[in-house]
Amino acid sequence: MIAGNIVAVYRHGGGLNLRGVAWIAATIIPLGFGFVAAKIVFTHFPIGFYMALTYFLPALYILPLIRGNRLSALRQEWAVSSWTILLLGFVSVLGSYTFLKAISVAEVSTTAPIVNTSTIFAVLGGIIFLGERAKIPQKIVGVVLAFVGITILG
Amino acid sequence: MVYSGLFLALLTALLWAVFDLVSRPLSVRSKNPIALSVLYNILGGVFALVFLFIEPGRFAGITATILAFTFLITVLYGIVEATQFFARKYLEVSYSSILFQLTPVVVLAGAILFLGSMPRVRKSLVLVS
Numbered sequence: 002m003i004a005g006n007i008v009a010v011y012r013h014g015g016g017l018n019l020r021g022v023a024w025i026a027a028t029i030i031p032l033g034f035g036f037v038a039a040k041i042v043f044t045h046f047p048i049g050f051y052m053a054l055t056y057f058l059p060a061l062y063i064l065p066l067i068r069g070n071r072l073s074a075l076r077q078e079w080a081v082s083s084w085t086i087l088l089l090g091f092v093s094v095l096g097s098y099t100f101l102k103a104i105s106v107a108e109v110s111t112t113a114p115i116v117n118t119s120t121i122f123a124v125l126g127g128i129i130f131l132g133e134r135a136k137i138p139q140k141i142v143g144v145v146l147a148f149v150g151i152t153i154l155g
Numbered sequence: 011m012v013y014s015g016l017f018l019a020l021l022t023a024l025l026w027a028v029f030d031l032v033s034r035p036l037s038v039r040s041k042n043p044i045a046l047s048v049l050y051n052i053l054g055g056v057f058a059l060v061f062l063f064i065e066p067g068r069f070a071g072i073t074a075t076i077l078a079f080t081f082l083i084t085v086l087y088g089i090v091e092a093t094q095f096f097a098r099k100y101l102e103v104s105y106s107s108i109l110f111q112l113t114p115v116v117v118l119a120g121a122i123l124f125l126g127s128m129p130r131v132r133k134s135l136v137l138v139s
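Same order as they appear, the protein sequences are chains F and B.
The numbering used here applies: residue 2 is where the first sequence begins, and numbers increase by one.
The numbering used here applies: residue 11 is where the second sequence begins, and numbers increase by one.
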């Protein structure tokens, strides 16, 4: 996994946004610890209640971090994002639901490698749909290495 | 049963990839990624409530420890939500989705710290990897 990441982000004189990498680090550390804690608690709640809690409360916590007029900031984001924010919320919740259901009806060791193909789909989708054409071979080698690492862990 | 699990796993993979692909242009266009995150979480919470009606389920074995861990999860996810759209704003999907695969390394550290034994650590890693 680590090798895959190094290959993917290694730069020959430019391309990688270090500020972005710092934000990713700030994201995956609490995310990883959150997953560990989620494993302990999610079966104790109705699935819809648990998911609603994990969306509403974080929104409440970070609301004070919005600078200036909060309502107008939210309105502005709504205007900019249009229907895609609805799609994002729907896809996110449905993805969480199908993941929790998948691991409840099949062995996680079977489902985890399949779930992790999302990275392959995302990288290919980024190249095809979002025009992220820089260093394509490097990205493909990186994603394959990361995928193999995770599958071996499974 | 196993086939439905595999189908659900594949569906999850596709949905998570769609999430990555949709969130990138949204983050780039966003003037205020935290406001974007608040909006996304409110909408996500509303959609999640629909599942409460589809699959009511029940509360089981709620203890003070479970409530404490639940609170901890919401705080950790709060940090994730405060940062993830900044990360997606500055990095292409084809980089960020690979970097997100480092999460299991953090899980390994977390599982060793909080869950202790290696079989449980392995199980946690498989669950989230």
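Read the hints as simulated data drawn from the structure, not as lab findings.
Where a beta carbon is used, it is the ideal one built from N, C-alpha and C, also for glycine.
Do not take every clue at face value.
[Said to hold, decoys possible] Here are some of the chain B residues that sit facing chain F, going by a computed Cβ distance under 7 Å: (1) Val-28; (2) Phe-29; (3) Val-38; (4) Arg-39; (5) Asn-42; (6) Leu-46; (7) Ala-58; (8) Pro-66; (9) Ala-74; (10) Ala-78; (11) Thr-80; (12) Gln-94; (13) Tyr-100; (14) Glu-102; (15) Val-116; (16) Ile-122.
[As the list claims (entries may be wrong)] Distance windows between CB atoms, simulated: (17) Phe-69(B) / Val-142(F): 26 to 32 Å; (18) Leu-77(B) / Ile-137(F): 44 to 50 Å; (19) Phe-17(B) / Val-142(F): 17 to 23 Å; (20) Thr-85(F) / Val-85(B): 24 to 30 Å.
Going down the list of hints, with the structure as the test:
Hint status for Val-28(B) relative to chain F: holds, with the closest Cβ pair at about 5 Å, below 7 Å. The restraint placing Phe-29(B) at the interface with chain F holds, with a minimum CB-CB distance near 5 Å, inside the 7 Å limit. Restraint check, Val-38(B) versus chain F: the minimum CB separation of about 10 Å is more than 7 Å; hint violated. With 7 Å as the threshold, the beta carbon of Arg-39(B) comes within range of chain F, its nearest partner Cβ sitting at about 5 Å, so the hint holds.
Proximity of Asn-42(B) to chain F holds as hinted, the smallest CB-CB distance being about 5 Å (cut-off 7 Å). The criterion of a C-beta within 7 Å of any C-beta in chain F is met by Leu-46(B), whose closest approach is roughly 5 Å, and the hint holds. For Ala-58(B), the shortest C-beta to C-beta distance to chain F is roughly 4 Å, which falls under 7 Å, so the interface hint holds. A cut of 7 Å between beta carbons decides the hint on Pro-66(B): the least distance to chain F is about 6 Å, and the hint holds.
Hint status for Ala-74(B) relative to chain F: violated, with the closest Cβ pair at about 12 Å, above 7 Å. The beta carbon of Ala-78(B) comes no nearer than 9 Å to any beta carbon in chain F, farther than 7 Å, and the hint placing it at the interface is violated. With its C-beta approaching chain F no nearer than about 5 Å, Thr-80(B) sits inside the 7 Å limit, and its interface hint holds. Checking Gln-94(B) against chain F by beta carbon gives a least distance of about 5 Å; that is within 7 Å, so the hint holds.
Because the beta carbon of Tyr-100(B) sits about 3 Å from the nearest beta carbon in chain F, less than 7 Å, this interface hint is met. Contact between Glu-102(B) and chain F, as hinted, is supported at the beta carbon level, the nearest pair being about 4 Å apart and thus within 7 Å. A cut of 7 Å between beta carbons decides the hint on Val-116(B): the least distance to chain F is about 3 Å, and the hint holds. Annotation: interface hint on Ile-122(B) violated; nearest CB of chain F at approximately 10 Å, more than 7 Å.
Checked against the given bound of 26 to 32 Å, the beta carbons of Phe-69(B) and Val-142(F), roughly 47 Å apart, lie outside it. At roughly 48 Å, the beta carbons of Leu-77(B) and Ile-137(F) sit within the given window of 44 to 50 Å. A C-beta distance of roughly 29 Å is found between Phe-17(B) and Val-142(F), which places it outside the suggested range of 17 to 23 Å. A C-beta distance of roughly 28 Å is found between Thr-85(F) and Val-85(B), which places it inside the suggested range of 24 to 30 Å.
Hints 3, 9, 10, 16, 17 and 19 from the list above are not met by this structure, while the remaining hints are.
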